[in-house]
Amino acid sequence: MIKHKVVLLFPAAVVEQPFLYHLVKDYDLFINILRANINPKKEGRLVVELSGEEKNYEKGVRFLESGGIEVLPFEQQMIWNEERCTHCGACTVMCPTGALEMSRPDMIVRFDGDKCVVCEHCFKACPARAIEAHY
Amino acid sequence: MKINKTYEEINEKISKGEAVVVTAEEIISIVEEKGLEQTAKEVDVVTTGTFGPMCSSGAFLNFGHPTPKIRMSKVYLNGVNAYAGIAAVDVYLGATEIPEADPANQNYPGDFNYGGGHVIEELVAGKDVRLEAYSYGTDCYPRKKIRTFIRLQDINEAFMFNARNAYQNYATAVNLSEKSIYTYMGILKPNLGNANYSTSGQLSPLFNDPYYKTTGIGTRIFLGGGTGYVAWHGTQHNPCADRTDKGVPRSPAGTLSLIGDLKQMDPHWVRGVSYIGYGVSLMIGVGVPIPILNEEMLRYTAIKDEEIYTQVLDYSESFPQGIGGSLGEVDYGQLKSGTITVQGKEVPTAPLSSYSKAKEIAEILKSWIQDGKFLLTEPVESVPSVDSGKKMNPLKIRR
Ligand code: SF4
Ligand code: SF4
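Protein chains in written order, with our numbering: chain G, 1 to 135; chain C, 136 to 534.
Worth flagging that the hints you see were computed from the coordinates, not collected in a lab. For clarity, every value in this text was computed on a predicted model and none was experimentally measured. Think of the CB as a built atom: it goes at the ideal place given N, C-alpha and C, for glycine as much as any other residue. No false leads were mixed into what you were given.
BS3-like mimics (lysine-lysine), calculated; alpha carbons at most 30 Å apart, straight line:
hint	chain 1	residue 1	chain 2	residue 2
1	C	Lys494	G	Lys115
2	C	Lys137	C	Lys176
3	C	Lys381	C	Lys526
4	C	Lys439	C	Lys526
5	C	Lys439	C	Lys176
6	G	Lys55	G	Lys115
7	G	Lys25	G	Lys55
8	G	Lys115	G	Lys25
9	C	Lys324	G	Lys115
10	C	Lys480	G	Lys115
11	G	Lys115	C	Lys314
12	C	Lys348	C	Lys439
Examples of chain G residues toward chain C, derived with CB under 8 Å:
hint	residue
13	Thr86
14	Thr92
15	Met94
16	Arg104
17	Met107
My request is simple: use the sequences and hints to build the entire structure.
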């Protein structure tokens, strides 16, 4: 079993097609939708966690890509810019999962993408705008 | 007191590269281990640091004259209004100014993505900044309009002048109401969802010199990555606030007005910041050296987080309305642990002022002094202390 967090970019032309249904039915993948931004006739974005057998996962991703969907690794789409971060901690009390957490006693903030559920609470809570989302 | 050192003696050691310098964090365990007398003999300087949002900040700039000349009366830098009610090509750019076109809180809570603090950061980073200025035109200054770009290195003068920095203590903000509120202390979640505070505690300059004995007008400091000076006591300086038996105020007290050359600064220590629903500000690094003239000064610098207290205030009602008091007193050890207890509830905390960056500043200042590059100055004049009787007055509304 493998598990990956990915961002799916759907071009407007394919937004209304049932891709996720096929991922489940034909490739036996588990799908956990973390964030969805789908509008009829517009480009759509999904942040999902996909898990299943490695073979199936790879085939599933190829299936998506052949349908014109971009599959992007989540870590490259949601970036905590360490250079810009001032370690002020404002995000840490907004983050529900501890993905952004203050390590103590050194008082340094760290980001763990695996824990992030893309709730976006941290984005505007960050005074330095150190969290960049590109999905 | 058995130990008595002068500024001259300490500076002589600094010049020879022989001064013993430690940070306000390191000094705590040294004193615990060796005692006051021995440590006061050995240590010459303790360095402090703070890196937090300081709204009452800004910079004076002189652009130089174009030909023909202009008496600028409205000035915008990257669209942000700078105060031009001074001489012809001088302005003051305030940290909290936002562009006139910014919707502010019309779409509550506003984003406040850009403002004076960000322009100052970009100037310090050496970036091109768009200058737009208008004038009514005079016989001596005929030009009425100019649009160009400036860079920090090309303009004549650029110095930061901050009316109030380095607050000696600050309240801890919570929200007792049922909805999120957006404040200069960050987002406060409903029903005591979080508690935000804003000092570097045991590293903070004025916690280490609570009676302003060595920090006064003319004190040379670290400001924004360059050297700066204490210019005056800051606005809202309130030395007579209630204090603990160690002399540390339990609520906001002393403040400093600081000045320093923008051209020496580093964007790492001068950062524009945005507080959703509130506005923009500037985070600035400040570090003040404290000469260990005697055991008394050493004792002040040995203060630790657990001995510094602050008040928990409700920012949904009692703070904005100016009614009611503290919900309780907490110490910085508790605040730094990540949770405090308010009204029986465990509340997660966030510092807003960066402790790790404050520590870096204290370390940088320490290395400057160790390397003999930074000498200490005796204040030309003290800032008002507890014996001044100075109070903070509210604004009375008259009819
Ligand atoms: S998006 Fe949500 S879960 Fe992810 S880091 Fe930000 S606050 Fe935490
Ligand atoms: S709010 Fe932004 S600057 Fe502050 S610790 Fe979090 S990521 Fe860093």
